[in-house]
Every structure is written in C-alpha cells, then in structure tokens.
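Using numbering that gives the first Met the number 0, read the sequence shown as starting at 0 and increasing by one per residue.
Source of the hints: derived by calculation from the structure; they are not laboratory data.
One should not assume that every hint holds.
As the list claims (entries may be wrong) - Listed next, the in silico DSS-like pairs over lysine-lysine satisfying Cα-Cα at most 25 Å (straight line):
1. K146 with K159
2. K30 with K48
3. K179 with K146
4. K48 with K146
5. K207 with K179
6. K90 with K104
7. K159 with K179
8. K30 with K104
9. K146 with K207
10. K207 with K159
These numbers were taken from a predicted model, which means no experiment stands behind them.
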Amino acid sequence: MTERPSTVLVVDDEPQIVRALRINLSARGYKVVTAHDGAAALRAAAETKPDVVVLDLGLPDMDGNEVIDGLRGWSTVPIIVLSARGDSTDKVRALDAGADDYVTKPFGMDELLARLRAAVRRSAVTGADDASAVVETGSLRIDLAAKRVRRDGADVHLTKTEWGVLELLVRNRGRLVAQKQLLHEVWGPSYDTESHYLRVYLAQLRRKLEAEPSRPRHLLTEPGMGYRFEM
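All chains should be modelled from the sequences, with the hints used to inform the complete structure.
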C-alpha cells in the first residue's frame, strides 16, 4: 500500500519564495498547498488538514502570529515560521503563540527541508489528529478556524473574551477544564483566583447560546472545579 504523501501548506505573499518551495517540496514527494494571506491560510488549513505549515509572519491582511493563534484554536499541526524578522523578540513571540520552529530569511533550502522532515516525524510520532475545525450540535455551529458561531442558522456576536472562554471549552469538549486554567489562558496568570469572572461570562454565553440558559445543555458547571462543553 502506497503511503499518503505529506501535505505542506505554504503561506507567503512573495511569489518567488512560494514558487521555490513548491518546486523543491514537490520534487521530494510532498503535496504542496499555497496561500498568500492569512484568511486564505486559515481556510486552506481547515479544508486540507496539512501535515505541516510553513508560515511567513509578514502577510498583507494580518500578522502571522494571528494565523498561528487561529490555527492553535483547533489544530496541533506543526508550524514552521519562515520570516525576515530575525529579532529575538519576534522569535519568542511566534514560539509563545504556538509555532514549533523558526527559520530566518534568507534561508538555506537544505536546512528548511531538514526542519520540515523533523516536524512531520514529530507529528507522526505524537499521532496528532486535529479536532474538526467545525463543531456542530443540534442548534449550534462553532467554526474554530473562522472564529464564528451560529445558532439556529443565525450568526451570534461574541466579545473577544467570550470567544476565548468558548474556544477553550470547545477545544477540550467532553473534558473538565479547571477554573484556574480558564482564567490563566483567557485573562492571564494574574487572574488565577478571580473565579467570579467565569460566572459572569458563562452566564453571558448561556444567554447567547443555550435554548434554556437556566438549564444548560452544552455549557456545564462542575461546582467548585470548573466547566465543560458537552455536545
């Protein structure tokens, strides 16, 4: 049985770099998908489920770190940043956002290919199997890549903080997410004890998303412990 070729999503707005990567990666048996801006990259990642993403930070419509953030909302795909930004601050920011590796332009093709092979191997060893970018229940449709929620076919507006809470719960659906983890990841480490924030925001989310907010079906509370999202 022939192995499925690994798919690489190349995200860069420089045509010559995209062309060079396409030629070199295709010659080595990779399937190459390309995107020239952040929005197209998120769509392509959701549609093609690549094995690795090679991402430029300087995109025309959004910063590459926003793309990393969007991907990490639902995907564990290895991300190799390929950027002209060589400052250590930029590297730390991208790695903190969720990138797995960072290569500075101009780059050696052999080095990039070696890092790409290592990323694909790590992904295979960990058995990374991304949750679907779109989660659907009876009345809700939550698109983690597009950061969009629909209830009964109508768009639901969420604030940035409401989305942060919902996204973390949906990514861990079926599992308890501790109060401290929610506060730490959504608000920051200095808010680890501010549990009243969660009561306020879960109440808001239930009003927007649950058919019966007082008897929630999806956004459940585990008293004294945390919260979980159930399908």
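Structure-based check of each hint:
1. K146 with K159: holds (10 Å)
2. K30 with K48: holds (12 Å)
3. K179 with K146: Judged against 25 Å, a Cα distance of about 23 Å means the pair holds.
4. K48 with K146: holds (17 Å)
5. K207 with K179: Measuring from Cα to Cα gives roughly 24 Å; hence the hint holds.
6. K90 with K104: With Cα atoms ~13 Å apart, K90 and K104 stay inside 25 Å; holds.
7. K159 with K179: OK: K159 and K179 at ~19 Å, within 25 Å.
8. K30 with K104: Holds, at about 23 Å.
9. K146 with K207: holds (15 Å)
10. K207 with K159: The hint holds at about 14 Å.
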